[in-house]
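Protein chains: 4
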Amino acid sequence: MDLNGERRYVITFSCPDRTGIVATISSFLAEAGGWITEAAYHTDSYTGWFFTRQVIPADSVAFEADELRARFAPVAEALSDQAEWQVTDTGETKRVVVLVTKEGHCLHELLGRASSGELPGQIVGVIGNNDALRGMVEAHGLPFSHVPFPGPAAAPDDRAAAFDEVAALVDKHQPHAVVLARFMQIVPARLCEAWAGRAINIHHSFLPSFVGARPYHQAHARGVKLIGATCHYVTADLDAGPIIEQDVIRIDHGDTINDMVRLGRDVEKLVLARGLRWHLEDRVLVQGNKTMVFR
Amino acid sequence: MDLNGERRYVITFSCPDRTGIVATISSFLAEAGGWITEAAYHTDSYTGWFFTRQVIPADSVAFEADELRARFAPVAEALSDQAEWQVTDTGETKRVVVLVTKEGHCLHELLGRASSGELPGQIVGVIGNNDALRGMVEAHGLPFSHVPFPGPAAAPDDRAAAFDEVAALVDKHQPHAVVLARFMQIVPARLCEAWAGRAINIHHSFLPSFVGARPYHQAHARGVKLIGATCHYVTADLDAGPIIEQDVIRIDHGDTINDMVRLGRDVEKLVLARGLRWHLEDRVLVQGNKTMVFR
Amino acid sequence: MDLNGERRYVITFSCPDRTGIVATISSFLAEAGGWITEAAYHTDSYTGWFFTRQVIPADSVAFEADELRARFAPVAEALSDQAEWQVTDTGETKRVVVLVTKEGHCLHELLGRASSGELPGQIVGVIGNNDALRGMVEAHGLPFSHVPFPGPAAAPDDRAAAFDEVAALVDKHQPHAVVLARFMQIVPARLCEAWAGRAINIHHSFLPSFVGARPYHQAHARGVKLIGATCHYVTADLDAGPIIEQDVIRIDHGDTINDMVRLGRDVEKLVLARGLRWHLEDRVLVQGNKTMVFR
Amino acid sequence: MDLNGERRYVITFSCPDRTGIVATISSFLAEAGGWITEAAYHTDSYTGWFFTRQVIPADSVAFEADELRARFAPVAEALSDQAEWQVTDTGETKRVVVLVTKEGHCLHELLGRASSGELPGQIVGVIGNNDALRGMVEAHGLPFSHVPFPGPAAAPDDRAAAFDEVAALVDKHQPHAVVLARFMQIVPARLCEAWAGRAINIHHSFLPSFVGARPYHQAHARGVKLIGATCHYVTADLDAGPIIEQDVIRIDHGDTINDMVRLGRDVEKLVLARGLRWHLEDRVLVQGNKTMVFR
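Chains as they are written, first to last, in this note's numbering: chain U, 4 to 298; chain Y, 4 to 298; chain V, 4 to 298; chain G, 4 to 298.
All the given hints hold, so there is nothing to weed out.
Chain V residues, not near chain U, derived (Cβ > 12 angstroms throughout):
#, residue
1, 66
2, 75
3, 166
4, 292
Computed footprint of chain Y on chain G, listed as stretches where at least three residues anywhere in the stretch have a Cβ under 8 angstroms from a Cβ of chain Y:
#, segment
5, 115 to 121
6, 135 to 145
7, 262 to 275
Chain G is faced by these chain V residues, among others (derived, beta-carbon under 10 angstroms):
#, residue
8, 223
9, 226
10, 294
11, 295
12, 296
13, 298
Since the hints were derived computationally from the structure, they do not count as laboratory data. Predicted model, so just to flag it, every value in this text is computed and none were measured. For every residue, glycine included, the Cβ atom is placed at its ideal position computed from N, Cα and C.
Bound conformation, chain U alone (with noise of 0.2 angstroms):
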C-alpha cells in the first residue's frame, strides 16, 4: 500500500565513512535514471560511521526493486566490505502483529490510523494474553488469538510453553514489525533475538527514568513534573534497547496516579503511533544501542 499514490524504493545504507560515499550512490542511482526525492545522510562523530536514506519514485528507474538490487550490490561492496545497505520497495505492505493484554488505548490508535489509511502497514493479527481487547479488534475485522498466559507463579516451562505459542502465531505473517502495545509480559531473550530490530515496545516511561513496573507509581513518588512515554527496540535487556522516539507531558502536584495514568496515555498512543511509522517507513537505522531517525 502506497499512501501518496505513488510507489517508491528506499535505499538505506551504512559503512564506515569515507570520501565519496555520496558521490558513489548518486552517481548510480543518477545513472540508473533514479530521481532522489528524498535524501538524509548522517556521519556519527564517534564511530566513524555514515548512514543515509534514499527514496526514489519506482518509475523513475527502467526495472524492478530486485533489478535494483543485484545492481547496487557490488556498488556497495566496493564502498566498503562492512556496509550494511537494504533497498525496499512502498509497493509490498508491511506487515504488523500488535501484542496486547488488556489496556486498549494504543491498539485502538492503530486501528483508528490502520482504517483510515493512515499507517503505512497491515495490521495481520492481534494477540492477546487476555481476551478483553478482542471485541475491539473484531469490529476492525481483523483476527484476534487469545493465548493465555500462567499467573506469576507458574513453572518456567508453562510460560515458555504460552511464548511458544505466541510466537508460533505471529512468525506465520513474517511481519516486518511486532508491535508491543502495552503488552504485560517479559519477552524471553530467546524471542528477542528471533525478533531483533522488529519488535517494538512502548514503555510508559521517558527512559531510563523508571524502568520497569508500574512507571507511574514511581515518577509519583519522585515527584517529577513531566511525565513521558519511550518507543523503543525490544533487547533482552529489560526497557534498555534503542529508542526510537520518546516524548512528555506536563503534570502537577494535582495530579493523582489515576491522572497520571490516564493522561501518559495520550503520550503512549502518539509515541507508539510515530515510532511504528518511521519503522515501517525504513527511516529507523540502529547502530548499538542508538537509532538514527531519517525523518
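Starting from the structure of chain U, add chains Y, V and G where the hints point.
Leaving out everything else, chains Y, V and G in the frame of chain U:
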C-alpha cells in the same frame, strides 16, 4: 520590591485535612477586611494533608504583617497543632546569593532578569569557586567573591575549609535563596541542612535520569530523544531533593555532545529562572520529597 | 457515571468581586458538612468578576443535589443579584451528541475514550451529513443517523431543512455537549443560539490564524513553523467563539500539505478530547468571549 | 571564529529540480577531496525547486574558498542557468548589528551568547533609538550608538533622516545580519530592500496572528491559550516576511497582560537566538515568502 507596585501579604498554610479549613481561613481574612486576590488549594489524597496559598493586598487590612501573624497564629493552632504556616510581606525584598563556577549562562540569565526588574528579589552577592565570572557580575554592579577550592585529590579538611568560607559569605546575607547556578561542587551535608528549603540547584538532566556527573554524556550514551533540566531543592542526597520544575528539549541523532550541552543551556537557564521565581514568590510548598507549586 | 467510583457535587459560581465571597461559600459548605476536595478561584482584574469551582463528595453532605441547590440559592442571591451559579451531580451521566462528516480521527478518538471508560459522559448519538462513518459508530454499538445535506449551490431552504432534521435528532437527547468533530457545515445562527455554551467545535488551526476553510493550505502558504488546533464554543461568528483549548505541533519545510493534514490530526483529536473533558467536568466557565478553565 | 576549532566551507545551492544534481555536486566535491560532514536536501514539490546545503572541512580540500567558488561556478552553471548558490568560509567571522529601543531581554540574550562564545558571529555594534540600553552594551565592551527618533507626530522627513543615520551606522559594518531586537520602529521600504535577506525581526506573537502593535493585548482580548513569538526576515510588508522560527508558551486565564509580556519574553529571546544562529550558519534558504531551515 513589589513588581506590580502593590504590596501584598502571602499566606501559606498546611495541616492534616479536615472539614472547614477553607471556611476558617477565609472567614478570618474576611473579618480582617482582607481581599483575596489569589487563592490556591490542594489536598494530597496520599498523605491526607491540606495545603493552601492565599494572597491579599496589604492595604486591604488595617494592620501590618506582624499583627496579621499574631492574629492568625491562634486560628492556625485551633485548626491543627501540626499546622505549618507563614505570612510573608512582598514589601520585604527577598535576598538571593548565587554560587557559580565557570559556566555563565545561568548566572547571565538571572542577572538579566534582575536588571530588567523581573526577578522577585535582589541578587546580593555572587560567590565563585573560580574567578572566571567576576567581570560579568561586576559589570552589573554586584559584589563577586572568589573562594578557591582544592582539587579532587585534596584533603577533606581543605575542602571543608573552603566551604566554611563560602558559608560565611552566604550567611552574612541571611538569604532567602542560595542558588547553585552550575556550581560544580557537592555541597556538604551540614550546609544542606543549614540551607534546607533555601538552597536551589539546577541539574542538567531530566531527573531521576542521569544523576551525578556529565549527564549529557550519559544521555548521549543512552540515545535519548529529549534532554532536560531539573531545578530542585538541595538535600544531602545528591540530585535527589524535592523537584521544583523540569523541562525538556528535543534532540536528534545529529546532535553531538557539544550540541547537547549548547541546547541544554537554554532549558537549564529557563527552568532555573522559573523555579527561583516560584520559590521567591512563596509558591512552592514542600512535603517530604515533593513540592506543590501554586502557580 | 463517576469514574473514580465516588459521586460528587460540583459547584460553579461567579459574580462581581467583593470581600468575603470565599468565606461565605466555604462557610456554607462547611456548615452543611461538605468536605471540599477541589477548589479553584479566579478574579478577573479586567472585568472585576470573581469565579470559583468547588467539588465536594456527595456523601459528605446529608442531602441530595436538589436540596443543596435550594439551600445555596439564597446564599448566592445574598452575595450578588448578578451571581451566576450551578450545582451539578456527577451521579447524573452527561449526554454527548457528535456531528461528523467524513474524516474519522476525532470521532474515533472519542469512541476509544468512551469505550475505555475515560470519557466523563456518554455518547448517545452520532449524526453524519455523510454516511461514511456509520460502520465505525455501529461497531461501538451506538446509533448513527445520516442526514444528507444539499451541495453548495443548493437553495438556503434546503440547507435549513437539513439543519432542522439535525436539530431534531440532537435535541431529543437534551445533550450536555454537541460536538462538531470535523463537521463540515457552518451551523446557522439560530442553532448556535439554541446550543449556546454546549456546542463545541474543533478547528484545525491555531486560531485566530487561518479562520475558515482549508487552514492547512493557508498555513502552508504562509510558511509557518508550527501548526495547531483550537477547541472552542460555537457562536454565530465563524471560528470566533470562546477558546477552550489549543495546542500546536512542529512542522518543517519538508512537510507537504498532506503531511500537515496528517500531523495536524494528532493535535486536533487531543485538543478536542481535552476540551470536551473539561466541559463535561464543569471546569470551563465563560465570560464574554473568554473561558476560564479550572483544571 | 569557528566554534569547534575546525574551519569549514558551507555550500548552499538551489535550482529547478532534475535528475542527477546530487550526483553532480557530490562528485565535484569528492573529486576535490571534500569530505562531506553535513548534507541536507529538499525538493519542493510545489515549486519544483531543489535545495541543498553541504559542509566540508576546509582542510579536506587542497585550496581556499575562492578557488572552490571558481571551480564550482561552471558546475552550477551547467546544472541550471537559474542556479543560486554560495560558498561561505566559517573562518570569516560573521558581523552582526543589533537595533534596539528600551526592552533589553533580547539584547541581553544575544550579548550573553556572544560572551560565552556561543554566537556563530560577532556583535559589532548596537544602535538604539533610545539610550536606555547603553550601559548593558558598554559593560560587554561593545560600541553603542544612540540615534534619537522623532515622535509619532513628526514630519516624515524627520523620521527618514533618523533612519538615514541608522543606515549609515549599520552599513559601515557591512553586516551579515541586522537584528531588530524589539526595535520599535517600522523600517522603511528602501531599507527593507537594502537589507533584504539580512534584516531579522523578532515579533512577539505567533504570526500571522496579531500582526502589528501590542500583540499581547490582542492575544489577551481573543483569549488564546498559547502565546508565541516569530523570528522572520524583514520585508516591506509589516510582519509578513519569510518566517525562520516560531515557538509558543502556554498561558491560562490567570495570566494578566503583564504576565503574558513577562512569559512571552522567554519565547521571544530563544526564538530570536535560534533564528539568528541558523541564519549565521547559512542554514536558512529563502524562496518566495518561505524559508527552508536545514538544521
